[in-house]
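Protein chains in written order, with our numbering: chain A, 0 to 479; chain B, 0 to 479.
Be aware that one or more of the hints could be misleading.
[Claimed, not checked] Below, computed lysine-lysine pairings styled on PhoX-like, alpha-carbon distance capped at 20 angstroms:
id, chain 1, residue 1, chain 2, residue 2
1, A, K87, A, K49
2, A, K342, A, K383
3, A, K313, B, K26
4, B, K26, B, K49
5, B, K26, B, K58
6, A, K49, A, K26
7, A, K116, A, K87
8, B, K313, A, K387
9, B, K342, A, K342
Honestly, the hints are just simulated from the structure, not real lab data.
Protein chains: 2
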Amino acid sequence: MTQEEELHPDDVQQHLREVQDLLARQKAVENLVSQQDVPRHEMVESLVHKQQQAELAAKLEELHSADIGYILEALPLEERLYVWNLIKAERDGEVLLEVSDAVRESLIESMAPAELKAAAESLDADELADLAPDLPPEVIQDVFQSLDPEGREQLRAAMSYPEDSVGALMVFDMVTVREDVSLEVVLRYLRRFEELPDHTDKLFVVDREDHLKGILTLECLLINDPEKEVAEVMRSETVISFTPEDEADEAAQAFERYDLVSAPVIDSEKRVIGRLTVADVVDYIREESEAEILSNAGLREGEDIFASVWDSVKNRWAWLAVNLVTAFVASRVIGLFEGSIEKLVALAALMPIVAGIGGNSGNQTTTMIVRAIAMGQVEPSAMKRLLKKELGVALFNGIAWGGLLGVLAWWLYGSVSLGLVMTGAMALNLLLAACAGVIIPMLRERLGADPAIGGSVMITALTDSGGFFIFLGLATLFLL
Amino acid sequence: MTQEEELHPDDVQQHLREVQDLLARQKAVENLVSQQDVPRHEMVESLVHKQQQAELAAKLEELHSADIGYILEALPLEERLYVWNLIKAERDGEVLLEVSDAVRESLIESMAPAELKAAAESLDADELADLAPDLPPEVIQDVFQSLDPEGREQLRAAMSYPEDSVGALMVFDMVTVREDVSLEVVLRYLRRFEELPDHTDKLFVVDREDHLKGILTLECLLINDPEKEVAEVMRSETVISFTPEDEADEAAQAFERYDLVSAPVIDSEKRVIGRLTVADVVDYIREESEAEILSNAGLREGEDIFASVWDSVKNRWAWLAVNLVTAFVASRVIGLFEGSIEKLVALAALMPIVAGIGGNSGNQTTTMIVRAIAMGQVEPSAMKRLLKKELGVALFNGIAWGGLLGVLAWWLYGSVSLGLVMTGAMALNLLLAACAGVIIPMLRERLGADPAIGGSVMITALTDSGGFFIFLGLATLFLL
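For reference, chain A alone in the conformation it holds in the complex:
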């Protein structure tokens, strides 16, 4: 690669196309040979094939492991495994870290225990901890045995923290310095490194027992006179640090708020035990918002787009089952009023409007509340105020949209009282939606559940059944 060929963001798609081309050419040759069905072609084929394989392997070798991960994600299973086998064994570990859970599963399934062990051994303790849940227990056991005592301790620590904690995200490699040396000494010390840990934007200043005394940013190190002592230029006040027990979500917000690149992780005695970097935080933010979007649509996890029908069915069935139950309940509510519908069939045509708008409005409310809770902005005192506001919005919408629908119902069916029932039912159902939209996420938060997940099913269930009940009930009372 010459300097002219700089890596542009769309290059990874270029890489993907090149790999796909190579695979297609390979397939074309294979097809040609199999059509001819002549044994003497075997040698030719195998030569061409080997050449193409070598070309593909060379192409893969020059790619960043993240790009290889991307390509593996985009290939159907058969081609994915073919490419996977062409990747050098020593890169297996880092590539496994780059792919999604679903694709990782498909790759790990294709590997022998010995290969897996070799791949795992090429990783740091924190990376290994990320991979461990997907590895067979005997492989983990083997890898664990092969670690040095410090590595074992780190792996044990990293695996012991819950998934959404700082401990699960932290890395162990870092550079620490003492406060009583000059910057010149630090500069000379750094020159002894082959490389610095990723995302080193600051060095941690510690004492003999690893207690955090302050931080020395590389900036500070570079702009100050090398004669100065570390203690003179380090920052010891308002150092942002985390404990492994802190929630990853709060750490992510702190990284965003204070534009951090890395931060020390300390134990209860202020000893530095690890480091949190922006790369892990960015991955976490992306994964969290993915999870929220997926769960809003009722998907348990991301799917390999080339997964089998059966894998997809398993990923999606739980949500459909819940919806089936709530839809069935709503259906039984309608069943209660079959007599009324028989007398006035217009009710059947109008009732889904009341239920549907209620659900949409409730989801708008709950999304706002969940956002506000996630930002930590909803104190109990704010709840009353929010409820009042949401009820205000619902009342306005109920009268405005309900009124419009009332007029439409009157026009369609020539009955003023049907129109009035429609308006009243809309207003009441929107008020119900507003209450549910505020209270459900707040309650879930107070009960320690993630307010973002599953709220929309509950609200829709309530506004469906509630909407049918309110509309058909009012109609039965006033129209029949």
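Assemble chain B onto chain A, guided by the hints.
Same frame as chain A, now just chain B:
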């Protein structure tokens, strides 16, 4: 602050509580005084008041501007403006950058043009460009006049790029060095700086005309022998750079994929014109996923949780209007079959199940497809394969869940043929949902629209009307 008081991620909530306490105490004194209604208290009140105000101002002064932004977001309008007025004028600009659009609007409304001008003048060109859309035109004009020619050029450039481009995110401050100097010279050069630009993890190596020749990471600068020349140790191959026209989304993916902290932005002649940093990318990622979650729930933008009812109504009406139209269409579809419902009222109770499950299933499909498109993994060739898979899932679910519902309908209403119609309608509507779930986002992508936005309304509209039509149509054909 002593070293003991380290900043922890939950500290910002602590700050918020302290500010709220101070505000509450102030209010308590005011209430007490106003109850007494005696003029001689006026002086006392004003003394106490002034003291409290000073305490609050001092508290605010020691906070990071991001934390002040957070506190402003969490306060109701009246208290928010009170706190805002206590913030030193020279910090106004940076705080305005930290708050959400909705809150920024409320703050800017409260400021006089001269104050706004002062606040704006304290910002860099790229920050100013972010703020500009919210400022009154005459203020922008004034600020523009006060800039030096380079600043004007930068501001003009920053404002000329579309919102979701790299140009809109880039910053202009950076450190560049020449390739023919020694690292020792670079180190001495850096010592002349008071501070380095935020997120400087690499220096850009340029020639006399600012053409990018390579990058020199701070790591490289620190670990290498200072006698070496920049050209010896800089990286000139596979340098990841962007152009201002690149899409921000692609840049964000590249930052994630390659774990970047900063990257050069170059023009068409490879001259370095700016820099993209991870802080801006993280903000962008968060804003994008927020926007997706909000728009999924039919909200145009984030709401200030203390906004007026009227502001909320304006933010939400468009989505409700669209839903009203689609619900009305579905209602007219039912209207077509009123005769059938009159004869067999069980249809009215069962039809929402068919429509509802179809909508949920379609949303699952479309969410998967939108994810895959966002990852750039869906090539035209993959479309056929995906459609086949989704139809497979739909057929399976249709038979399984449809069969279950058919049995339930049979059990409830004692009619085998009603059960069979139910099963058939479920299967057909799920197949419709699967087709729509694949095709709608793909078409939107091809037409240049954001596939993530608004897809769910269209699918729900289709599966509602389609579900009613299929179920009532089959019932009319086979049962009556």
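Hint-by-hint comparison with the structure:
1. K87/A x K49/A: holds, 16 angstroms
2. K342/A x K383/A: violated, 43 angstroms
3. K313/A x K26/B: violated, 57 angstroms
4. K26/B x K49/B: holds, 13 angstroms
5. K26/B x K58/B: Distance ~17 angstroms between K26/B and K58/B Cα, so the pair holds.
6. K49/A x K26/A: holds, 13 angstroms
7. K116/A x K87/A: holds, 14 angstroms
8. K313/B x K387/A: Cα-Cα ~17 angstroms, so holds.
9. K342/B x K342/A: holds, 11 angstroms
In this structure, the hints that do not hold are numbers 2 and 3, in rising order.
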